[in-house]
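Residues per chain are reported as follows:
Number of protein chains: 2
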Amino acid sequence: MSKGGESTFIVRSSEIDFRGQVTLPVLVSYLQEAAWDNTTTLGISMYDLLEKGLTWVLSRLRIEMFRYPKHRDQVMVETWASGREKVFLHRDFRIYNAERELLGQATSVWLVMDVVKRQLTSVPDFITAVEIATGYEPLPFAKGKLPALAEAAFEQHVQVKWHDIDLNRHVNNTHYLRWALEALPIEVLEQQQLREADIIFRSESTLGDTIVSLAAPTEPGLYLHKLADEATGKELVQAQTKWK
Amino acid sequence: MSKGGESTFIVRSSEIDFRGQVTLPVLVSYLQEAAWDNTTTLGISMYDLLEKGLTWVLSRLRIEMFRYPKHRDQVMVETWASGREKVFLHRDFRIYNAERELLGQATSVWLVMDVVKRQLTSVPDFITAVEIATGYEPLPFAKGKLPALAEAAFEQHVQVKWHDIDLNRHVNNTHYLRWALEALPIEVLEQQQLREADIIFRSESTLGDTIVSLAAPTEPGLYLHKLADEATGKELVQAQTKWK
Chain A
0 MSKGGESTFI VRSSEIDFRG QVTLPVLVSY LQEAAWDNTT TLGISMYDLL EKGLTWVLSR
60 LRIEMFRYPK HRDQVMVETW ASGREKVFLH RDFRIYNAER ELLGQATSVW LVMDVVKRQL
120 TSVPDFITAV EIATGYEPLP FAKGKLPALA EAAFEQHVQV KWHDIDLNRH VNNTHYLRWA
180 LEALPIEVLE QQQLREADII FRSESTLGDT IVSLAAPTEP GLYLHKLADE ATGKELVQAQ
240 TKWK
Chain B
0 MSKGGESTFI VRSSEIDFRG QVTLPVLVSY LQEAAWDNTT TLGISMYDLL EKGLTWVLSR
60 LRIEMFRYPK HRDQVMVETW ASGREKVFLH RDFRIYNAER ELLGQATSVW LVMDVVKRQL
120 TSVPDFITAV EIATGYEPLP FAKGKLPALA EAAFEQHVQV KWHDIDLNRH VNNTHYLRWA
180 LEALPIEVLE QQQLREADII FRSESTLGDT IVSLAAPTEP GLYLHKLADE ATGKELVQAQ
240 TKWK
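So the sequences go chain by chain: A and B. Residue 65 in numbering that gives the first Met the number 0 sits at position 66 of the first sequence; the count goes up by one each step and never skips. Residue 22 in numbering that gives the first Met the number 0 sits at position 23 of the second sequence; the count goes up by one each step and never skips.
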């Protein structure tokens, strides 16, 4: 039985919006870091994988927020390996405040990639040896396809810049969510609360790429998003966001 | 005598470049947060000022880095009110690692602004009542003008987006530094180490503004930067960066 972990963050002034609430891309960076902390404890962090010519690839993330923490609030992110289905490794998250109230929760799906071949690989033994954590109330997996975006109502073009690039020389996942959200009209971002984001990561992008961020409403409070490479048209990210 | 303060940060995977080093805009966000923590203790935080219809305005920041912390490193930022010259309030910073080695240092100059009139005001009594911290080895102030950028060698246009905006509905200062650096050629960013940045903040910008980021080398390893509003030509930020 593996163990879950918990990481603590304090919301910074550079991480909040005009309402004083931490933004969702920042919360996703907290989840990423909590996952890194827990996998370090388990000996299966990205650094452990890189030593073996492998790396983690985030395939899907669904996050629901019930309440947003504010500047200077303490945020606890609990995370654990929650399941495995063939090559898909599941990791769940619960987000608490200092009073141990549940602020949000998330599920995620990860794959293992061969760094040299740049292709997905079967899950190696040293990862399957780390059993799934028990004793955690399970969250429902994000399953099924997201509907395809038929016609874009909103469009933004974004150039990948130096500070968007991470250790692997690829765009850090948190930026895709930021660019997806920023394609929406200001009125949505200003007047509504983002309650849920379901994000499927399909392909990578790197420095100098130009990305088209498309979005369209499908029903009240529901938006579909698509990020694609401007030059090749290749789909990078598909997402759905729910607002209240 | 007022007291200095110290705040601790742990470098996240979303805060590093491809070398694994924390980026300078992220370090500046650590300094901002450490200043917020210390001014909160002193009863003169931005929230304390806003209650009186006032706010802090960062006028100049000069930061020198001797060594960059890496992912998962603990970073301690020590900060104290270091001096006062008429309406200019000085605040210094020293940046340490867990072994208490000095990684970098910074000086900054702050002004007080009347939020309603949107103009600078004399330093109110409740701020001057907080005496300058003693017992700290002083850092040399950033003084004098920066040379004007005569002719731009590099130019980028950036649109201010939702996630760049902070509590005051203005661009958070850390983003100006990011945009200044991103105007430089990739070779500089990839192959050289940023050793020093001296940034003068002249004017604010807000959502929807387009900003022109200009830069030019003046001597080997030295660049001048200018950020201006594309529509009005108004200068927002002037900066100088040193590289090794």
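For the record, the hints were derived by calculation from the structure and aren't laboratory data. From a predicted model like this one, the values you see are computed outputs, not experimental measurements. Be aware that a few hints might be false.
Said to hold, decoys possible - Derived pair list, reagent style BS3-like, types lysine-lysine, alpha-carbon separation capped at 30 Å: (1) Lys243/A to Lys160/B; (2) Lys51/B to Lys160/A; (3) Lys69/A to Lys243/B; (4) Lys116/A to Lys243/B.
Claimed, not checked - For each label pair, taking beta carbons as the anchor points, the in silico distance ranges come out as: (5) Thr40/B to Lys144/A: 13 to 21 Å; (6) Asp124/B to Pro184/A: 40 to 48 Å; (7) Lys233/A to Arg168/B: 31 to 39 Å; (8) Thr205/A to Glu218/B: 30 to 38 Å; (9) Pro146/A to Glu218/B: 31 to 39 Å; (10) Gly143/A to Lys241/B: 14 to 22 Å.
By construction, the Cβ of each residue, glycine as well, lies at the ideal position given by its N, Cα and C atoms.
message = Run the distance test for Lys69/A versus Lys243/B: straight-line Cα separation, threshold 30 Å.
response = violated, 39 Å
task = Check the following: the C-beta atoms of Thr40/B and Lys144/A are separated by a distance inside 13 to 21 Å.
result = Between Thr40/B and Lys144/A, where Cβ atoms are some 52 Å apart, the hint is violated.
request  = Please work out if Lys116/A and Lys243/B have their alpha carbons no farther apart than 30 Å.
outcome  = violated, 35 Å
key: Status of the given 30 to 38 Å range, CB of Glu218/B versus CB of Thr205/A   = holds, 32 Å
inquiry  = Assuming the hint says 31 to 39 Å, is it satisfied by the Cβ distance from Pro146/A to Glu218/B or not?
reply    = violated, 57 Å
query = Using the C-beta atoms of Gly143/A and Lys241/B, is the stated range 14 to 22 Å upheld?
reply = Violated, at about 53 Å.
key: Pairwise hint evaluation, Lys160/B against Lys243/A, where the allowed Cα distance is 30 Å at most   = holds, 21 Å
task = Verify the proposed pairing of Lys51/B with Lys160/A, using a straight-line Cα cut of 30 Å.
result = This hinted pair is violated, its Cα atoms lying about 39 Å apart.
task = State, for the Cβ atoms of Asp124/B and Pro184/A, whether the hinted interval 40 to 48 Å holds or is violated.
result = holds, 45 Å
message = Holds or violated: the 31 to 39 Å window for the beta-carbon distance between Lys233/A and Arg168/B?
response = For Lys233/A and Arg168/B the Cβ distance comes to about 36 Å; the hint holds.
Hints 2, 3, 4, 5, 9, 10 from the earlier list are contradicted by this structure; the remaining hints agree with it.
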